[in-house]
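Asker: Sequence:
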Amino acid sequence: MVLSAHSEDTSNFWMSQINRIPWQKKPTVSYGPGVDGLNHWFPDGILNTSYLALDHHIESGKGEDTAIIYDSPVTKTKTKLSYFQLLESVEKMAFVLDSFGVKKGDTVVIYMPMIPEALVSMLACARIGAVHSVVFGGFAPHELAVRLDDCRPKLVITSSYGVEVSKIIPYKPLLDEAMHLSNHKPEYVILKSRPNLEVIMHTGRDFDWDELMETAGKKKSVPVSASDPLYILYTSGTTGKPKGVVRDNGGHAIAMHYSMETIYDMKPGEVFFAASDVGWVVGHSYIVYAPLIYGCTTVLYEGKPVRTPDAGAFYRIIEEYNVKTLFCAPTAFRAIRKEDPEGKELSKYNISSLKYLFLAGERTDPVTYDWACELLKVPVVDHWWQTETGWAIAANMMGSNPLPAKAGSATKPVTGFDVRILDEEGHEVNQGEKGNIVIKLPLPPGCLPTLWMDHKNYESSYLSHYPGYYLTGDGGYFDEDGYLFILGRIDDVINVAGHRLSTGEMEEIVAENPAIAESAVIGIADEIKGQVPLAIVVCKDGVVLEEKAVESDITHRIREKIGAIASLKTVVFVKRLPKTRSGKILRKTMRKMIDGETYVIPSTIDDPSILEEVMDAVQLKIQR
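According to my numbering, the stretch in the sequence shown is residues 1 to 624, in order.
Don't take every hint at face value.
[To be verified] Pairs of lysine to aspartate or glutamate, EDC-like flavour, derived with a Cα cap of 20 angstroms:
| no. | residue 1 | residue 2 |
| --- | --- | --- |
| 1 | K440 | E8 |
| 2 | K220 | E8 |
| 3 | K92 | D208 |
| 4 | K154 | E143 |
These aren't lab readings, by the way, just hints derived from the structure by calculation.
Could you put the whole structure together from the sequences, leaning on the hints where they help?
Answerer: This is how it looks when you write it as structure tokens:
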């Protein structure tokens, strides 16, 4: 269902959804100026997100239902918290924050691993109207300092360390260094200690979580406006300065509740497993807020899809906790496929409870899609969204209007998202033609209304290129059935001798070779053609590899399916691809490094040594 922007249908539709949640004061206006003077959905509504996620369910008699299942293979810890138990912890932490002088509108930075206390901290902030900003645990001190200076928190909540497969990352020393580097100095630090690592505590500034909670009272929820900010989540900016995406309370709550029912086909009480991290948008939306607002059980998993301990990790979780829906990045299943291409680990588990696999975060190549479909025997839903939108722009809406799936497509725009494909001049292209994907304004509830303290940058980054539209930064097309295909970021389109070609399309073709587990195709500078594509590939484990034969097959497939103009002649074989911690391949960084351009290695890089290894392999291949 596509709703015309600014139409009466749009307003009526979203106003018809307001009864999904308990308001303290129901909104009477669908869309208009909020307390900050900017446009918001339901601007005159009053509510509290923590109340929606906790108190409301307890008052409805569901206090003994399980809210959180914490499963940490890296620390060999398993815990279940009921809604009642979670509320008790949140009330206490809200009391603690209030006792430190944190008030409505103040900011709090949360720098924590995937432990229950991270969720408690988020919900405690929401309870008192404070604005939380979760920074991915383990971020380098400089990057953390930049965020401290931008959102200027009164207080930071952290833990002594996080665990990455086989190594410990000490968070407290990283935070101490960040606070030394930052111009803004938060007044207080609350530390949740973990076993077997002593940390330095600064008297008068640093306080122990457990000691504070022992003596804490309970804090009731504070009424906030629907247009008040719930959280800030930083995403990479083109200038190197991170952009603080703002999420408001009212529109966000409606979008989360609506999406759980209509997109993910969940029912209250069922188990939802989003295999992400609270430092990313998926963790905010679908580990914390959406499942709890909707009354589901959410799995908080401190581990990886592989090596904790093996490629059957997700299957164990599904069986053990009766998971209905699994949501993860495509890279997770590429990693599983690489280590267990035959799917032998699955035979050890009963995953009959699983009804859906949802994939997002990066384009799902058809080979991975087909492999997951065949292996799991459940619908695999490739859906597309962004940190900025907070929920899916396009998806197969499994709880509302499920459609036949098409490999490589995110299906159709979600109700409320008026998606168009425009050329550089701002004209809509014909069906089947590629262009820039935009969303006609206003964006639906749950999407960003602005950037933190930088509305000018919000307008220049997203709204100025095509007046009246939000620029997603992705390219793609609608096919003859109205299915949306995402071809990757606009800057992943390369220009070969005047022909604009999609590296995402090439990656799909590369993945058709049965030896390939995953790949990255990037455009590198060429004196004659401007750019030529270079394929960097990772092969499946256990494959007997004849590199020349694989290279020949890949170049032949590209020539056959795209044409000789694609000019893909070089294939580099590596053990791993450099990625961010959320699983996105560093295509732009690699391209700039190869071309000798100025580059900045993203702060979100998972392992810098992998980038070095790949660049060495590329240079060796090019020199030959």
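Asker: Hint numbers the structure violates, sorted upward?
Answerer: Going through the list in order, the structure violates hint 2 alone and respects the others.
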